[in-house]
Amino acid sequence: MSPALLDFVEFSLAGLCVGALYALTGIGFVVVYKATRIINFAIGEFMMIGAYFFFGLAAQASLPNWAAIILALIAAGTVGGFLERFIFRRLIGESAISVFMVTIGLASIMVGLVEIAWTADPRSLPTFLPDRPFFVPLGSAEAFLASKNGWSFIIVAAIMAAFITVFRFWRGGIALRATAADQQAAYSVGINVPGVFSFAWILGAITAAAAGILVGSISGISSAMGAIGLSLIVVVIVGGLDSLAGALVGGLMIGWLESMASLYIGGEYKQVATFVILLLVLVVKPYGLFGTHDIERL
Amino acid sequence: MSVASGETILEINNIEVVYNHTIQVLRGLSLSVEAGQIVALLGSNGAGKTTTLKAVSNMLGLERGAITAGSIRFEGNDIRTTAPHALVRGGLFHVMEGRRIFPDLSVDENLIAATYALAGRDKADADFEAVFDYFPRLRERRTGIAGYLSGGEQQMLALGRALIARPKLILMDEPSLGLSPVLVEEIFRIIRRINEERGVSILLVEQNAAMALSVANYGYIMEQGKIVIDGTVEKLAGDRDVREFYLGAGVGAGGLKSFRDVKHYKRRKRWLS
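So the sequence lines, in the order shown, correspond to chains Z and R.
Numbered by this note's numbering, the letters in the first sequence go through residues 1 to 298 in order.
Numbered by this note's numbering, the letters in the second sequence go through residues 1001 to 1273 in order.
A few of these clues could be false.
As the list claims (entries may be wrong) - Under the rule of at most 25 Å between Cα atoms (straight-line distance), these lysine to aspartate or glutamate pairs were calculated in the DMTMM-like manner:
{"hint": "1", "chain 1": "R", "residue 1": "LYS1168", "chain 2": "R", "residue 2": "ASP1104"}
{"hint": "2", "chain 1": "R", "residue 1": "LYS1168", "chain 2": "R", "residue 2": "GLU1140"}
{"hint": "3", "chain 1": "Z", "residue 1": "LYS285", "chain 2": "R", "residue 2": "ASP1104"}
{"hint": "4", "chain 1": "R", "residue 1": "LYS1235", "chain 2": "R", "residue 2": "GLU1011"}
{"hint": "5", "chain 1": "R", "residue 1": "LYS1168", "chain 2": "R", "residue 2": "GLU1034"}
{"hint": "6", "chain 1": "R", "residue 1": "LYS1168", "chain 2": "Z", "residue 2": "ASP182"}
Derived by calculation from the structure, the hints in this document are not laboratory data.
As the structure is a computational prediction, the values presented were derived from the model and not from experiment.
This is chain Z alone, in the form it adopts within the complex (with noise of 0.2 Å):
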């Protein structure tokens, strides 16, 4: 096995699993626009808060780990739940881009609310994932696997398992599709359309949260750990803005991309091979790889 493929497969794990918590996030910002139509550019914010009330309920006030996670993805919930009921309930009708500068201008404030009550300092988040790295056998060598990295792809893969199944088999599902199609006739066959938007919004601000927890047990948390909304916004472009399955697919690519980017090319141009991909698929698949086209009649 000579060094320069192992690289490759190393990097190619790291960034796989990177890739899963993108994905992971990802959903978090499809479910909105599924249902909502609203581009959630917050969404990196909303995995910071995730991180942030785990920290605190963790580190700071000497929860179990278990308790804070579940207390963190609870609170992160009903942050969402909040904001879809006081701000972007009052927004339907709205032109998109109004609503798409309100999320902007979230961003921003939830980044100075997390400055405030936890300063701007870089933070680690306690350790609750087990700290034995992989190994993945290759031919006379093994591929190294850091463990956080590991298990957040298990995790991710075990809630996308959940979601998947959960969307196949429960008539919410049916309702978030029928919502995200025709809001009125949505209403008009009996869905309570503004129950639908505040699940999603709870929804994907408990996935994003969750995403966020990961992410900070890996990197670290700092108020600019959101910037990552950036490469999110590309993710989900990239696979279709309202594909739960372009979500999956687009954040393993585009974390593997970047992996890959930082390997051969240098950590500093990932972000440019991101944005050549998102480029591209513009050209060719304005839709993304698995979005909707409308559908047209002749």
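Fit chain R to the supplied structure of chain Z, relying on the hints for placement.
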């Protein structure tokens, strides 16, 4: 003012609707639907027919419209502030103009979506078989994507969703839109069957006046946001103005009439209320 058979299920009294705080669309419109009847609401483009239905199903808020005066009663209860989905669950179903099926869901999923209308009812079982009995063609295409159905099949699916919801009153907006004459007849036959077999009251908005009057018991004709003529179907069909303006028949002779002789505006107008 209408034939007395049973109680009034829907009563609209003097409503005014304004869009965007500026454009007044309904100007004191009143009408009522007796339980078990089909009532036709006719009028030209822009008269406010669709707005009337959206006012009843409380969809105006989604389009920056608002009811500024008047009352709407469904089974005696004021429903002006009832949420749209709550109205549907209470038995008032709106089949919107342009069918509005969910295009990227399958036929089955469209029908399942309509089972939300049964939330909170005592007998909450959805009767899919009944829908397929009325519309055998939908059964053949159950797993097909609704967006790829033909226009007629989409209208059937829209009516099928209404059947799943087991409503007491259906607001039906232009079921004939964009359909061939044969399909229009088929759809109207089924509308009549639904009314007769299930006792569902129907408020029917139509451009195709002749077809609407052929199934209705009572009719209203609106112009510029208010009712100008109303009466039993027999009375309307015999009315000289209605025949001339809505049924395309010439005055008197019964034959076609030269456009040179067509009057530019109504001979008479009457305001209700």
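Hint check results:
1. A distance of roughly 29 Å separates the Cα atoms of R:LYS1168 and R:ASP1104; the hinted pair therefore is violated under the 25 Å criterion.
2. Distance restraint check for R:LYS1168 and R:GLU1140: the Cα-Cα separation of roughly 28 Å exceeds the 25 Å cut-off, and the hinted pair is therefore not satisfied.
3. Distance restraint check for Z:LYS285 and R:ASP1104: the Cα-Cα separation of roughly 19 Å lies within the 25 Å cut-off, and the hinted pair is therefore satisfied.
4. About 21 Å separates the Cα atoms of R:LYS1235 and R:GLU1011, which keeps this hinted pair within 25 Å; it holds.
5. Taking the CA atoms of R:LYS1168 and R:GLU1034, the gap is about 11 Å. The hint holds against a cut of 25 Å.
6. With a CA separation close to 24 Å, the supplied pair R:LYS1168 and Z:ASP182 stays within the 25 Å bound.
In this structure, the hints that do not hold are numbers 1, 2, in rising order.
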